[in-house]
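Residue numbers (UniProt numbering), protein chains in the order written: chain A, 1 to 454; chain B, 1 to 332.
Treat each hint with caution, since some may be false.
Claimed, not checked - Covered stretches of chain B (in silico footprint by chain A; criterion: 3 or more residues with CB under 8 Å from a CB of chain A, positions within the stretch not fixed):
no. : segment
1   : 19-31
2   : 72-84
3   : 90-100
4   : 282-291
5   : 318-324
Simulated from the structure, these hints should not be mistaken for lab results.
For each residue, glycine too, the CB sits at the ideal point set by N, CA and C.
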Amino acid sequence: MEMLLAEAATPADLGAARVQMAISLGWHIVIASFGVAMPAITLFVEWRGHKTGEVEYRLLARRWARAMGVLFAVGAVSGTILSFEMGLLWPGLMGTYGEVIGLPFTLEGFAFFVEAIFLGIYLYGWDRLSPRVHMWSAVPILIAGVAGTFFVVSANAWMNQPRGFDLENGKVVGVDPWAAMFNPATPPQSVHMLVAAFMVTGFCMAAVYAVGMLRGRRDRYHRIGFVVPFTVAAIMAPVQVGVGDWAAHFVADYQPVKLAAMEGVYETERGVPLHIGGVAVDGELRYAIEIPNALSLLAHWDPNAEIKGLNEVPEEDRPPVNVVHLSFQLMVALGSAMLAVAAWFAFLWWRRKAPPEGKWFLVAAALCGPAAVLALESGWTTTEVGRQPWVVYGSLRTLDAVNPAPGLTVGLVTVLLVYAGLTAATVFVLRRLARDRPVPVAPQESDVTEAPVP
Amino acid sequence: MTAADLLLLLLLAAMTAYALFGGADFGAGFWDLVAGGAERGRPHRKLIEHSIGPVWEANHVWLIFTIVVLWTGFPSVFAAVASTLYIPLTAAALGIIGRGAGFAFRKTSVTLGRQRLFGAGFAFSSIVTPFFLGAAAGGVASGRVPPGIAAGDLVSSWWNPTSVATGLLAVGVGAYLAVVFLTRDAQKHAPELVDGLRRRALWTGAVVGALAVLGLVVVAADAPALFSELRHGVPLALVVVSLVAGLLSLLLVNFRSFVAVRITASLAAAAVVWAWGAAQHPFLLPGLAVADAAAAPAVTRAMLWVSLAGGVILAPSLWWLFRIASAGSVRS
């Protein structure tokens, strides 16, 4: 039999591997956001239900728990695929640096274990535990979700700010896994992601009920289902502005090339303007609206601060400017829009002394769901594409990390098909779950019977 | 014993846990597939759902843990295995998606058509996934995955006699463990199913035992280096343990000791994994020994401390989960 051996990776294979990783990560990050924030919101309504005895809260808690069961299952499997893909697609990264960034992944393994165990207890113990014990069983899920976010994002942060090792003739020596985990990018990145998770979850959950109310179902069940998650996300929206500013300052100080790509700055200058919109063509940003000195001010709190331009590094060390610039702008624009809707919500509530439910407000609120997901994706696009051509910033190029095995494009097509099916099935099941009567037995075995499903 | 050796033991323990618990979950999918038409198979499917529903996600984490410990503790081994065995591992990964999603979706479905669709996805991938994982293990065991990135043959590394035998054995062992575990669950929750399950446990045990012996013959012919290690010392002892535990399990099933057989059947399966590990020791891949493949001591030590702390949290949590899962009854 003829041997089928690997040769050097082709550009097509590298592209395929990057797209496959982007799709799998981009898919999982949405589900993972729900995994982090949804238990907290669900636990809150369960607690309110026990405290007030109102059946709507209890019904919502059950419904959300059931959706959580589905989301957690697809999150578990889509997360597993990622751990496979780290080796299948990027053996050059894992073979050399696996030991440096393995510790946070191990910790995440434990965090995920705790989440899986207590989610099982929470979902299946609903009718078997006392309400108090049952609510306490959700607390480890919340803690593990937050901790897991920190661990996983710290591994990604390490790729932006590699620490905790030295290179000697291409060999990794002097490994300090704790220094790698607590690299300087970890705090801003992980907090940014954590807040994003709450915004995505809150706005998406609220969007479901906003649409219901727009269709005329303005009962108490829908109003609570809207107000609770929306309030959570609305509180997070201004927080995210501050955290995002922190993250941007960090990039300005530690990854000037990424900042230059985000803003489309080519020449190193003082007093650099902020560019809104625009397209990079032939080494300059065209058609952008300029706000004088604003970038220097925002990035360094000094209107005359120096901003390093892309021309500081050779062309082969630059990320693709248009992708990074536009995705960053999209994230900021969406974030600002969500902040505006959150402010509108607060203002109307203050004026009416009751949660708003006007038509146009609900339309805007419903749009916040997809907007939050899009902002999440464009934010990750900014940081991941902005790090290119490096997979480990300054140390290892993405091209040198990819699996040289032929046929990665075939793998990509297969994975795309599977994810398309998975997406369709997940959306379908979640929609049916919101509608189905009689209510299926899972994940809990009986339902709140006093109230008909509105 | 160095920190690297301890970490290798931890890796072996995680693999064993996945082979037993994850394997039984895959096996449950096998029985789901062959349970018969929608009406006839309903009681069995309900029992399967009740048994694995609360625990499969936790069981699944053992796989993630195995992967992570491998890439942290022995990074070059992970890179070599993942890059050369790209094809079966991609297939297994996709199977994992189909399995988990199909099972979760079916639980929430009310209509027969949807239950059939998602159930078929769940059951089919429950067979595909362990086969490819087993085939990948067979490739490593028969020395077909050399160190280096994608240095081995991309097809014959997993499509060879040892891999096929290991893949089939993985499917069979999972099915056997599942039917053994389900028989005990049926005793508590669905007594009318016990006799049928017991019959299945008996013939599955016989088939898997035959597969295991056949596997040894295949290994003798196809992977003489591995076989010569299996012929003496600790590996031989473990092979004997597996065979004895397997035979004992058949007797216990026959005499309806459904609790005791859980232990012997698990031991029979675990001893196969351990025998493989002992036969390869100290080599992880051809020419690559533990000491050369291990991560820096700072890393292995940190991993061990973290795992110790994690274990202290996990053990009581898992105990509580399994207790809640086994309580209650199968309701309609």
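Status of the hints after comparison with the structure:
no., hint, in the structure
1, 19-31, "violated (count 0)"
2, 72-84, "holds (count 11)"
3, 90-100, "holds (count 9)"
4, 282-291, "violated (count 0)"
5, 318-324, "holds (count 4)"
This entry does not satisfy hints 1 and 4, going by the numbered hints stated previously.
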